[in-house]
Amino acid sequence: MLEVSIRKTFGKFTLQTSFTAEKGVLGILGSSGCGKSMTLKCIAGLQKPDSGSILLNGKPLFSSGSNLDVPSRKRNIGYVFQNYALFPHLTVSQNIAYGLGHLDRTQHKAKVASMVQRMQLSGHAHHYPFQLSGGQQQRCALARTLVTEPDLLLLDEPFSALDTHIKHLLEKELIQIIQENFDGIVLLVTHNIEEAYRICDRIMVMDQGRNLQIGAKEDIISNPVSLTAARITGCKNLFDVRVLEEHEGHVLLEAGQLVFKAQKNHTPVSRHMVAGIRAHHLRLHSGVSHKENVFECEVVEKVEGVFSTTLQVDCRGLLFQLEIAKASCPHLTGTDRGRLRLHIPMKRVFLMEPEV
Amino acid sequence: MDTLNLFPLYLSFRVASTATLVGFLFGLPVAWFLSRGRGKAVDFLDTLTNLPVVLPPTVLGYYLLVLLGRQSPLGAFLEDTWGARIVFTPTGAIIASTVVSIPYLIKAAKTAFLEINEDYLNAARLLGRNEFNIFVTIVMPIAWRGIVAGTTMSFVRALGDFGTTLMVSGSIPDKTMTMPIAIYDALQAGDKAMANLLVLIMTGIAVTVLFTINLLERKMRKG
Numbered sequence: 001m002l003e004v005s006i007r008k009t010f011g012k013f014t015l016q017t018s019f020t021a022e023k024g025v026l027g028i029l030g031s032s033g034c035g036k037s038m039t040l041k042c043i044a045g046l047q048k049p050d051s052g053s054i055l056l057n058g059k060p061l062f063s064s065g066s067n068l069d070v071p072s073r074k075r076n077i078g079y080v081f082q083n084y085a086l087f088p089h090l091t092v093s094q095n096i097a098y099g100l101g102h103l104d105r106t107q108h109k110a111k112v113a114s115m116v117q118r119m120q121l122s123g124h125a126h127h128y129p130f131q132l133s134g135g136q137q138q139r140c141a142l143a144r145t146l147v148t149e150p151d152l153l154l155l156d157e158p159f160s161a162l163d164t165h166i167k168h169l170l171e172k173e174l175i176q177i178i179q180e181n182f183d184g185i186v187l188l189v190t191h192n193i194e195e196a197y198r199i200c201d202r203i204m205v206m207d208q209g210r211n212l213q214i215g216a217k218e219d220i221i222s223n224p225v226s227l228t229a230a231r232i233t234g235c236k237n238l239f240d241v242r243v244l245e246e247h248e249g250h251v252l253l254e255a256g257q258l259v260f261k262a263q264k265n266h267t268p269v270s271r272h273m274v275a276g277i278r279a280h281h282l283r284l285h286s287g288v289s290h291k292e293n294v295f296e297c298e299v300v301e302k303v304e305g306v307f308s309t310t311l312q313v314d315c316r317g318l319l320f321q322l323e324i325a326k327a328s329c330p331h332l333t334g335t336d337r338g339r340l341r342l343h344i345p346m347k348r349v350f351l352m353e354p355e356v
Numbered sequence: 001m002d003t004l005n006l007f008p009l010y011l012s013f014r015v016a017s018t019a020t021l022v023g024f025l026f027g028l029p030v031a032w033f034l035s036r037g038r039g040k041a042v043d044f045l046d047t048l049t050n051l052p053v054v055l056p057p058t059v060l061g062y063y064l065l066v067l068l069g070r071q072s073p074l075g076a077f078l079e080d081t082w083g084a085r086i087v088f089t090p091t092g093a094i095i096a097s098t099v100v101s102i103p104y105l106i107k108a109a110k111t112a113f114l115e116i117n118e119d120y121l122n123a124a125r126l127l128g129r130n131e132f133n134i135f136v137t138i139v140m141p142i143a144w145r146g147i148v149a150g151t152t153m154s155f156v157r158a159l160g161d162f163g164t165t166l167m168v169s170g171s172i173p174d175k176t177m178t179m180p181i182a183i184y185d186a187l188q189a190g191d192k193a194m195a196n197l198l199v200l201i202m203t204g205i206a207v208t209v210l211f212t213i214n215l216l217e218r219k220m221r222k223g
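These protein sequence lines are chains A and B, in that order. The first sequence begins at 1 in the UniProt record's numbering and counts up by one. The second sequence begins at 1 in the UniProt record's numbering and counts up by one.
Just chain A, with the same shape it has in the complex:
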């Protein structure tokens, strides 16, 4: 288990975060400059926190109280850098062997050879990093750190520099490699909610040096704790609402001229709140519907993507953004677009305290 509780000030910026991570992949999600990479660097010992403590499997790595700061080289932490940081003057096998300096030659060779094989780099053992494809570079970087059998694996935006088509392949490959070769704690830093959701088990949302929320990824999506958390996790529809009525399982909300129902979540209800609903949870119907929370609307803007269509609809003065899978919206291609109805599924609406 990794237990982190640190504080670090950089001019006007303060990083203050505390969390624990167990076996599995924890995604650290936030926009650039939120302190997510800094958190990783502190854990790895590349940056020194001003105060706090870092414990890995019960072993202290940093503790301001007892003046302890284990140097990076003794932390036994694996780190995969944004651009992989493969040593340009060393071959693939020399790169992989770099962390095994303390072993004797025979052990050394055997380990490197088996790692080269496992990572499907067999034909490239004597190639230099610049001769490798993006995927091979990633495998080489993972091999270099996994061969040292680290207690913790840190991944710092491993896909941010890649093209989309290769990104998905590498993502899959990364998940597979980690599942097959590493049985420990993994932290993945990213600014992309999709990526985090696909790769991670749990997600921590960070903003301005603080963690806003940490939990199972499904929970992060269905129940953001704050407006900022909702925004960072990609929620497009956020409205100031007035709570009209409060019932056993639901509340009645008023936003502008729109009155709709929402399920009650954990947040205590006060009179003025913010309601959010994700773009892909909203539905559009063309015929008459007898469901609750269905309102007539008009399409204001339509942007077609490859697999899904993004729509902006006007519903009594409120603008909603929707994302609809292309296959499921043949009715949108018709000319009769004025008669559409927007369905706001009650269970998908979440309530949050407004931010001052």
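No wet-lab data here; the hints were simulated from the structure. A few of these clues could be false.
Said to hold, decoys possible - Negatives, chain B to chain A, calculated, CB over 10 Å:
id, residue
1, T81
2, D174
3, I213
4, K219
Unchecked claim - Which stretches of chain A does chain B cover? Using the computed rule of at least three CB atoms under 8 Å from a CB of chain B, they are:
id, segment
5, 78-88
6, 94-101
7, 228-236
Note that the structure is predicted; figures quoted are calculated from it, not measured. Think of the CB as a built atom: it goes at the ideal place given N, C-alpha and C, for glycine as much as any other residue.
Let chain A serve as the given structure and place chain B on it in line with the hints.
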């Protein structure tokens, strides 16, 4: 032309080689520090190391005399303790050449070091290596072309120094007379043949060195 006296050639090579070696040993750590450090102290040191390029050689020589002459505390200390004299000795010439040539090495090495991505060093740290080990296994192999170019440049500069060396070590024949001084001396004495020969040798060396540097720089750009 008298019989050909090759002592200045020999002395110049000895002085320049020693100065380059000393500059290498002192200059590399300084260049590394300048490339990684930040703050006022670093800026100050950066300025200080560049000063010899800008200052007139005579001014530099004057400073060295003030600092190392027999009347200075340091000069007096050296003479009293080890009987070591610096002014008007080959040692003085070495010190003068070192001071004059070290900025070229520092500048080139610093530029080469600056191009090394910090992530390489961090990766090496996390793979269990200590700082000295990283310098030898990562920094030097990546930056070697820049360092070689800087070392060569600084060698040529040390070889060709005239003003500062003359100020500090004088021009005692067969003791402190280096090539550039010998050329001046030969010309003054009307020994044109001697001057021509020495000039030719110096030019040959300079051209060879520049050619080598260009070659290295072209390879460096290719990566």
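Given as non-interface: I213 (chain B), which should sit over 10 Å from chain A by C-beta
About 21 Å separates I213 (chain B) from the closest Cβ of chain A, which puts it past 10 Å; holds.
Go check the segment 94-101 of chain A versus chain B for me, would you? Three or more residues, Cβ under 8 Å, otherwise it fails.
Satisfied; 3 residues make the cut.
Grab the minimum beta-carbon distance between D174 (chain B) and chain A and tell me whether it stays above 10 Å.
holds (47 Å)
Checking C-beta pairs, does the segment 78-88 of chain A have three or more residues closer than 8 Å to chain B?
Satisfied; 8 residues make the cut.
Confirm or reject: T81 (chain B) is not an interface residue toward chain A, with every Cβ-Cβ distance exceeding 10 Å.
holds (40 Å)
Using a Cβ cutoff of 8 Å, are there at least 3 residues of the segment 228-236 of chain A near chain B, or does the coverage claim fail?
Violated - the segment 228-236 of chain A has 0 residues with a Cβ nearer than 8 Å to chain B, which falls short of three.
Holds or violated: is the Cβ of K219 (chain B) farther than 10 Å from all Cβ atoms of chain A?
holds (13 Å)
Figure legend: structure checked against the earlier numbered hints; the only hint not met is number 7.
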